[in-house]
Amino acid sequence: MTTIDILKQILNNIDDLFLRVEIDNIQSQNSIYDDLGIDSLTRVTIFYEIQDHFNIDKDESDAAQWRTIQDILTYMEKSN
1 MTTIDILKQI LNNIDDLFLR VEIDNIQSQN SIYDDLGIDS LTRVTIFYEI QDHFNIDKDE
61 SDAAQWRTIQ DILTYMEKSN
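In our numbering, the protein residues as written are 1 to 80.
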């Protein structure tokens, strides 16, 4: 399973997640704010879901640097 597939699975498991595009259509170059409509609260929710998935404990400030899906994928790959 690729990293983006894992991210899509994590996103599918978040209740009340509203995105501007279907999860299956998410691409690495998508802006999490402009393309997907993710706000800061949702970004933090995704951060904690990734932590739970990989059983890691990192500082939440890492998520503040995310601008694109690729940023999230890079974080996941470094954390795995």
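Worth flagging that the hints you see were computed from the coordinates, not collected in a lab.
Even for Gly, the Cβ is constructed at its ideal location relative to N, Cα and C.
A couple of the hints might just be wrong.
Derived lysine-lysine pairs resembling DSSO-like cross-links, with alpha carbons at most 30 Å apart [to be verified]:
| hint | residue 1 | residue 2 |
| --- | --- | --- |
| 1 | K8 | K58 |
| 2 | K8 | K78 |
| 3 | K78 | K58 |
Here are the in silico distance ranges between beta carbons for each label pair [unchecked claim]:
| hint | residue 1 | residue 2 | range |
| --- | --- | --- | --- |
| 4 | N12 | V44 | 16 to 24 Å |
| 5 | D57 | D34 | 26 to 34 Å |
| 6 | T74 | D34 | 28 to 36 Å |
Taking the hints in turn, this is what the structure says about them:
1. A distance of roughly 21 Å separates the Cα atoms of K8 and K58; the hinted pair therefore holds under the 30 Å criterion.
2. Distance hint between K8 and K78 is fulfilled; the C-alpha atoms sit about 18 Å from each other, no more than 30 Å.
3. Using a Cα cut-off of 30 Å, the hinted pair K78 and K58 holds, with the two alpha carbons roughly 11 Å apart.
4. The given range of 16 to 24 Å is respected by N12 and V44, whose C-beta atoms sit roughly 18 Å from each other.
5. Checked against the hint of 26 to 34 Å, the pair D57 and D34 passes, with Cβ atoms roughly 30 Å apart.
6. Taking the beta carbon of each, T74 and D34 are about 19 Å apart, not inside 28 to 36 Å as hinted.
In the structure shown, a violation is registered for the earlier hint numbered 6 alone.
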